[in-house]
Amino acid sequence: MATTPSPGPVDQKRASFEREALVHLDALYRVALRLTANPADADDLVQETMLKAYRSWDQYQLGTNAKGWLLTILRNSFINEYRRRTRHPETVDVDTIEPFAVFPEIQDEDPQGAFFDRIVDDEVLRAIDGLPEAFRETVVLSDVEGMSYQEIAKIQDVPVGTVKSRLFRARRMLQAKLYGYAVGMGYIKGSPT
Amino acid sequence: MKCEECVEHLYEFLDRELTPETERAVREHLASCPPCGEQFDFEALFLKFVRARCLTQGAPPELKRRVLLELFGDE
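In order, the protein sequences belong to chains A and B.
In this text, residue positions in the first sequence follow our numbering: the first is 47, and each later residue adds one.
In this text, residue positions in the second sequence follow our numbering: the first is 1215, and each later residue adds one.
Calculated from the structure, these hints are not laboratory results.
Take every hint as true, because none was put in to throw you off.
Here are the simulated lysine-lysine pairs, DSBU-like style, with alpha carbons at most 35 Å apart: (1) A:Lys235 - B:Lys1262; (2) B:Lys1278 - B:Lys1262; (3) A:Lys113 - A:Lys98; (4) A:Lys210 - A:Lys98; (5) A:Lys210 - B:Lys1216; (6) A:Lys210 - B:Lys1278; (7) B:Lys1278 - A:Lys113; (8) A:Lys223 - B:Lys1262; (9) A:Lys223 - A:Lys200; (10) A:Lys223 - A:Lys235; (11) A:Lys210 - B:Lys1262; (12) A:Lys210 - A:Lys113; (13) B:Lys1262 - A:Lys113; (14) B:Lys1278 - A:Lys200; (15) A:Lys98 - B:Lys1278; (16) B:Lys1216 - A:Lys235; (17) A:Lys113 - A:Lys200; (18) A:Lys223 - A:Lys113; (19) A:Lys59 - A:Lys98; (20) A:Lys223 - B:Lys1278; (21) A:Lys200 - A:Lys59; (22) A:Lys200 - B:Lys1216; (23) A:Lys113 - A:Lys59; (24) A:Lys210 - A:Lys200; (25) A:Lys235 - A:Lys210; (26) A:Lys200 - B:Lys1262; (27) B:Lys1262 - B:Lys1216; (28) A:Lys59 - B:Lys1278; (29) B:Lys1216 - A:Lys223; (30) B:Lys1262 - A:Lys98; (31) A:Lys223 - A:Lys210; (32) A:Lys200 - A:Lys98.
One chain only, chain A, in its complex shape:
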């Protein structure tokens, strides 16, 4: 009776890596692009992350949070190797920036926020790129990648309260930028911020 040879450990490693890690390539790339603000650096950062992840794949517990594990590797690589040459550390204390609320400005004219529909992808990405680094990363992890406060706190190595406060400020700041843009483009009357 013919028997199918059972897959070797290398094949098994590859199969589990493809199933649990490679499926997050798009997410890693989106985060890398926002962190580095440069497609070539984002490519390198993602490739390096995948290589490190594959090398230490036996430290990852199958079936746990692969996305969070990969994003932590990506973030550490970014901090160690890219941040110094791509962006300068923040000179302002971002956690003390006063948030601006857009809703009171638009609630009479456009409470449904229809003006958002006219703002294209590139403009939103540009606005995110203009946020302070800690905010940019928090917004992308939460609003784009759907990570929980707890997961983000683990990735950024900060308390959950810091994630909450950054998210609040980051979203308000992003809203204010996009609102200012929409007013500038004449999509909404409002008052320029």
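Dock chain B against chain A, hints included.
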């Protein structure tokens, strides 16, 4: 729950991060307070809008090929 307290929970509510009891209290307030409801709807719409605009972007096919080549030596 008063408006002020409700609005304090705005993002935690939208992010599904509240305890079931607080979430229920916020929901009850929103059902009986149109101004807060309007504000929450606006913020929910904003988050949905940001996500939709950003998710159109993914890893370039060339990067995927590079990664597969480096890890497994194939495409």
